[in-house]
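Engineer: Position chains H, X and S relative to chain B; hints supplied.
Residue numbers (this note's numbering), protein chains in the order written: chain B, -9 to 264; chain H, -9 to 264; chain X, -9 to 264; chain S, -9 to 264.
Because the hints were derived from the structure by calculation, they are not lab data. Careful, some of the hints might be misleading.
Note: identical chains are not told apart, hence a pair may lie in one copy or across any two.
[Unchecked claim] Simulated crosslink set (SDA-like; lysine to any residue; CA at most 25 Å straight-line):
#	residue 1	residue 2
1	K227	A242
2	K227	P177
3	K231	I54
4	K234	T28
5	K231	I155
6	K259	E209
7	K53	R13
8	K246	N27
9	K227	Q0
10	K92	K227
11	K40	K227
12	K62	E250
13	K243	V38
Protein chains: 4
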Amino acid sequence: MIIFIQCTDQVGLVAAISRSLARGGFNIISLQEHVDNTENLFFIRLEVDKNTDTESLATDLEKILPTGALIKINPRPLKKIVVLVTKEYHCLADILVRNYFKTLGAEVQCVIGNHTTLQNICERFDIPFHLIETTGDAAASEQSVVEIIDGYDFDYLVLAKFMRILSPNFVGRYPMRIINIHHSFLPAFAGASPYRQAYERGVKLIGATAHYVTNELDEGPIIAQQITPAGHSLTVKDMVKAGKEVETAVLAKALKLVFEDRVFVYKNKTVVLE
Amino acid sequence: MIIFIQCTDQVGLVAAISRSLARGGFNIISLQEHVDNTENLFFIRLEVDKNTDTESLATDLEKILPTGALIKINPRPLKKIVVLVTKEYHCLADILVRNYFKTLGAEVQCVIGNHTTLQNICERFDIPFHLIETTGDAAASEQSVVEIIDGYDFDYLVLAKFMRILSPNFVGRYPMRIINIHHSFLPAFAGASPYRQAYERGVKLIGATAHYVTNELDEGPIIAQQITPAGHSLTVKDMVKAGKEVETAVLAKALKLVFEDRVFVYKNKTVVLE
Amino acid sequence: MIIFIQCTDQVGLVAAISRSLARGGFNIISLQEHVDNTENLFFIRLEVDKNTDTESLATDLEKILPTGALIKINPRPLKKIVVLVTKEYHCLADILVRNYFKTLGAEVQCVIGNHTTLQNICERFDIPFHLIETTGDAAASEQSVVEIIDGYDFDYLVLAKFMRILSPNFVGRYPMRIINIHHSFLPAFAGASPYRQAYERGVKLIGATAHYVTNELDEGPIIAQQITPAGHSLTVKDMVKAGKEVETAVLAKALKLVFEDRVFVYKNKTVVLE
Amino acid sequence: MIIFIQCTDQVGLVAAISRSLARGGFNIISLQEHVDNTENLFFIRLEVDKNTDTESLATDLEKILPTGALIKINPRPLKKIVVLVTKEYHCLADILVRNYFKTLGAEVQCVIGNHTTLQNICERFDIPFHLIETTGDAAASEQSVVEIIDGYDFDYLVLAKFMRILSPNFVGRYPMRIINIHHSFLPAFAGASPYRQAYERGVKLIGATAHYVTNELDEGPIIAQQITPAGHSLTVKDMVKAGKEVETAVLAKALKLVFEDRVFVYKNKTVVLE
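Bound-form chain B, shown alone (with noise of 0.2 Å):
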């Protein structure tokens, strides 16, 4: 079972939380903590062996733990997930994959998508796969995409490679529920076309990032990134493929740590406890 506490920073916090986990009869497996002394936060996850009794624990724990702690005990262990996409697949396809294998830490509810291309590999998967009209205006077609997930438990929504940008209102529903992959080193490039930007300036690495999505652009708290060589012999194409690599390897790895219940958010930013 996992614990997962983000509070103000006090002297004693460990000791505390190790004797009330002792007193409830948990022994640790496994923790891992961090202080931002800046901010005096203290962020803890502890993964113990037993999962029951997480009531009492809970109570003896809010005791003890500093007004205002977030604590969160045995978050669902298999998350369920919505997946929205355009018309790239690299991303969805892994996605896909590792949902099949049972590797995801996740499951796939369903894919929404604004073009058709890619409802033939989501039913070759026996995955859902709902078509929104973008035709009309663009709050017509978010209110679409609300009912569909609205039919569906889920735990986050995964943009791979979904280009559009949601509205507020949107966001606002599922606050740090949103993860998207974008296909730059944020905050280099942030907006449309990023590797057309890289090209323009000539960088030599060009990279993805994983984010939370907020109502600023490309602005989220950073989940994960990672980059790959580009030199001058690279193309505009050329970069998007290259990229296409990392954007897949960088959101895969950006929901495994989400899906393990790794991931802190506060102040725009990510605290990653592996």
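Structural biologist: Below, chains H, X and S alone, put in the same frame as chain B:
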């Protein structure tokens, strides 16, 4: 001997150039070429086995190459450089050590600093150190740099963590001859305090960029870039420390490429023929 | 059209080859060459702009090149492959997905497995799956592989985590046409259970190696290698998991290089002209 | 103050230790722990906010920890080291520079060399250099090393490209106190001429390994490893050059970890708590 050609692309350039070399009795040891199809530009770097008869080769090449071709034959193999510094030692010390053991590919003529911090290390390696005043106005201080370096024969000015912005007037005197190391993965975090910016943005990788200096701050052609992981556990200070290792490595790599005449510049980009 | 030449090195080869191309009306789009001075061997890969008159070009090149030159003109652009698997899905699924979206650079003719585990994923992608018996002797089982693949036209056999050792007799039938992915950074940890070996040795990085199969186990010419960090916190199981990501990436990269005719083999090594 | 504990794993160790610290008035600033489930071993590194009352803390910890626990409280923060070299400068110069600018985390007491090549650079940094004779037998030469270092107070011997094999007798005198940099990605290419071995095997990556020296040549516990790309275009000489950059970086990283008391050794492996 190195030969270096940049010109409009045309059919048959490799054939024409290699025929011209054969006529002159030059045998090709190695050859790297690149064509930028968007700009219709051709770049070639050749290593040949003799370094005589360069004038007749130049005449011959000029005849067969398109008008406006840039031809560089037998550039000075061991470059001469002047290094500008402020207080941080890491890049300078790396340059001084390689210079001392004759593995830099260049000879350090002198070091110019706007603080005395690095005077002693220069003296230990018998390299002249010139202190420039920074109390007066920037123009006066730049003028004193010009006066010092005018006393030296040099190919490149290396800004090894020189923390001042050079004026267009100064930069214009040495076009594509000033090399800077910037402590971020450009174009992310241009300007001041890139590590603080990186810390505040919560990035998961930090980097460094070696580039030619132009009049646009941190916007010149990029020669080399590299990154290092930067998780949540790093404070700004830790990032500065980790960053220094990358800065040293990236500047060393860029200098090697430049000193070996492997870097072409065009359209605010570089072609690096390795 | 691709042209690919390997021969004894001589003065004037580039000039002679480019003249021959010019005579035939072929314009060079890109050119990569390499000289191994120790072995006195010359390698060149050219991309030219027309794919007719290949026979007269071949005749012309034979005349000007040293005796024994290996000349390959216009190899089949879209390769055909047969994939051999056991139970692990990651490399196979990556190949099937790229094949399905036509980004593999090859067409998968069929998959041969010695377990039924991966039959279903093949069927989902409409790729024939052949199950071979492994209960009898190894020779019989290999013979059944031969019988199956003899029914297909193919350029390469890809061992995508095929966990059996092939006999010299089998390997001899397809020289430099069998590509394997080995789950270690060769030559470290050849043979069985490389991740267990890596765990026991306490290495800080683990890797994967794609190579041509020869009669020496895990000793064939290496095409591509990559690594991933592996700290003390990884169990053998964790290493296996982390390793799968690298294996998939390395095999994908090696196949791309091979399918684009960028890999020369000599002296149990490869020259990769990118 | 650093506290460092290695013992048999038991239920409630973190609680017991943190309680003991709270009793003594020590507040935890940072904590990293690791459990090796296979060996049933527990490792913890703590940074606490005061460095007095260490004796009563030791007594208290001994009471609550399993028999045989290894407890290290407040190890010397600034280590003292002796460096052994042969002719290559890169690792030594890096150490001398960091030592000079007080960023090494240790103080270089002296350098011992079996050639005069590096004497001058030591003198430039005012570090005593001792030349040992290597003309006689190996035992005599080792004996002279022992005599020199016996004159110094030191925590670690650093072999910064010391190209001689030390006898079991010598190694036995300084258990887990001798750190070596080996110029390959161990266990690949142990022994002599690793770059030549790498060249001949045709690997696509080369590396370096920092490890504790034991009586098995190049078989001691690994502290850090890193790699760099090595394509077909590199000669053995080029590999040696490229390798030096990695060797310098890997040794610097390993020394940092060791000097900050982050490295535990058990079963010929290390646990590195960062």
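Engineer: Compare the structure with each hint and give your call.
Structural biologist: Hints, one by one, checked against the model:
1. Taking the closest pair of Cα atoms, K227 and A242 come within 25 Å of each other both inside a single copy (23 Å) and across two copies (18 Å).
2. With identical chains, the CA atoms of K227 and P177 are at most 25 Å apart both within one copy (22 Å) and between copies (20 Å).
3. Proximity of K231 to I54 under the C-alpha cut-off of 25 Å is found in neither arrangement, the shortest distances being 52 Å within a copy and 37 Å between copies.
4. With identical chains, the CA atoms of K234 and T28 are at most 25 Å apart between copies only, with a shortest distance of 23 Å across copies and 37 Å within one.
5. Taking identical chains as interchangeable, the C-alpha atoms of K231 and I155 lie at most 25 Å apart only when both belong to the same chain, with a minimum of 23 Å there against 34 Å between chains.
6. Taking the shortest alpha-carbon separations for K259 and E209, only the intra-copy value of 10 Å comes in at or below 25 Å, while the best inter-copy value is 27 Å.
7. Taking the shortest alpha-carbon separations for K53 and R13, both the intra-copy value of 13 Å and the inter-copy value of 21 Å come in at or below 25 Å.
8. Proximity of K246 to N27 under the C-alpha cut-off of 25 Å is restricted to the inter-copy arrangement: shortest distance 23 Å between copies versus 27 Å within a copy.
9. With identical chains, the CA atoms of K227 and Q0 are at most 25 Å apart between copies only, with a shortest distance of 23 Å across copies and 52 Å within one.
10. For the homomeric pair K92 and K227, the shortest alpha-carbon distance between copies (16 Å) is at most 25 Å, but the shortest distance inside one copy (33 Å) is not.
11. For a Cα distance limit of 25 Å, the shortest separation of K40 from K227 across copies, 22 Å, qualifies, whereas the shortest one inside one copy, 52 Å, does not.
12. With identical chains, the CA atoms of K62 and E250 are at most 25 Å apart within one copy only, with a shortest distance of 13 Å there and 34 Å across copies.
13. Only within a single protomer do K243 and V38 lie at most 25 Å apart by alpha-carbon distance; the minimum there is 24 Å, versus 33 Å between protomers.
Checked against the numbered hints above, the structure violates only hint 3.
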